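Asker: Chains as they are written, first to last, in this note's numbering: chain A, 332 to 532; chain B, 332 to 532.
No wet-lab data here; the hints were simulated from the structure.
Errors might be hidden in some of the hints.
Each pair may be met inside one copy or between any two copies, as identical chains are not told apart.
[Said to hold, decoys possible] For lysine-lysine, the following DSSO-like pairs were computed, each having C-alpha atoms within a straight-line distance of at most 27 Å:
(1) K350 with K529
(2) K490 with K445
(3) K515 with K355
(4) K476 with K529
(5) K515 with K490
(6) K515 with K350
(7) K476 with K350
(8) K490 with K529
(9) K419 with K529
(10) K419 with K445
(11) K489 with K529
Since the structure is predicted, the reported quantities are computational estimates derived from the model, not experimental observations.
Here is how the chains run, residue by residue.
Number of protein chains: 2
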Amino acid sequence: MKDQQGLLFVLSGPSGAGKSTVLKEVLRRNPALYFSVSCTTRMPRPAEIHGIHYFFIGREQFEEMIQRNEFLEYTEYAKDYYGTPLLKIQECMASGTDVLLDIETEGAQNVIQKMPEAVRIFLVPPSFEELERRLRSRGTDTEDKILARLQTAREEWKKMPSYDYLVVNDVVENAVQELESILKAEHCRTARRIEQMKEAL
Amino acid sequence: MKDQQGLLFVLSGPSGAGKSTVLKEVLRRNPALYFSVSCTTRMPRPAEIHGIHYFFIGREQFEEMIQRNEFLEYTEYAKDYYGTPLLKIQECMASGTDVLLDIETEGAQNVIQKMPEAVRIFLVPPSFEELERRLRSRGTDTEDKILARLQTAREEWKKMPSYDYLVVNDVVENAVQELESILKAEHCRTARRIEQMKEAL
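Using the sequences and the hints, build the whole thing.
Answerer: Below, the structure written as structure tokens:
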């Protein structure tokens, strides 16, 4: 049954949880799902595409959007702004399209304050040892950077209790299926369907 | 990821919702799921098999089981006992096997009192008109019986708010997929996984 209202799913998870791999596969299998793209004032890196990885906009434009309350949440990091534009998300949800938002734990908390009905999902590696192994096996980071990522992951790990679901990425296929199940099951929750069904009586 | 504890899923739904068709398909696709078989003191009907449709037992044996607290719930209807045996359900859950229980709304309430962690799912037809159409199209019931079933369905329909999920059986395949999603997604709920993941830190 088609529900009238789309849902907002907020996905967090520490670096090394394998979020981008899982996300890519979930989006490939669910083309109707809208993946929210953030705005940033930082310069695009090589291979980053405007509208895919970020909307790269100027500082002035970003601040105008802040003034007009056009962000679901935003933050300033290393002298650059990062924010989640609200309009497209609202349009999708109003037309019955689900929205998936990839965001770190602090941003997720800000989203929840504005939209408490959002479904919070935390993607975790099976263990902290495995997370460390994955971060090291990339072979691209310095030891300092790896230690910093591990410290951040440890902090993020503690935020797990504030999420609705924990998806464990031991095997990508399992994690993808679990995430898809959550997307589907959440539409069946009584609170979301009861009005429609009362009318059907 | 394999969870240590199996979950109990309680499925209710009015006559004509198509519960047996949906159940059969879900059980076929998920052979690891244990479908709880009830005990009854009534005589088996033709084609009913002991251990499949019911455990057909004597009145004395049933009452002994009541004394020994061996039912999750039981009721007396038209001078016969009907009950959900507890032991097998506990064994399954302890060994990590999910249990599915097909039970009417009153029995479901009794189950929840004893096992509040059970997940309650209500299967509904897309509308009351469709329910009536389905009941009439069977062509096996008298008008009186149809009206009685509709009255019961109307009463059961009102119990929807006490369920966690509403699965709408408009198309069997959709209902089966929604039910399967709920079975999977419930294992991902933070409350069920958090202890394991805390240990993993």
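Asker: Are any of the numbered hints broken by this structure? If so, which, sorted upward?
Answerer: Number 9 only.
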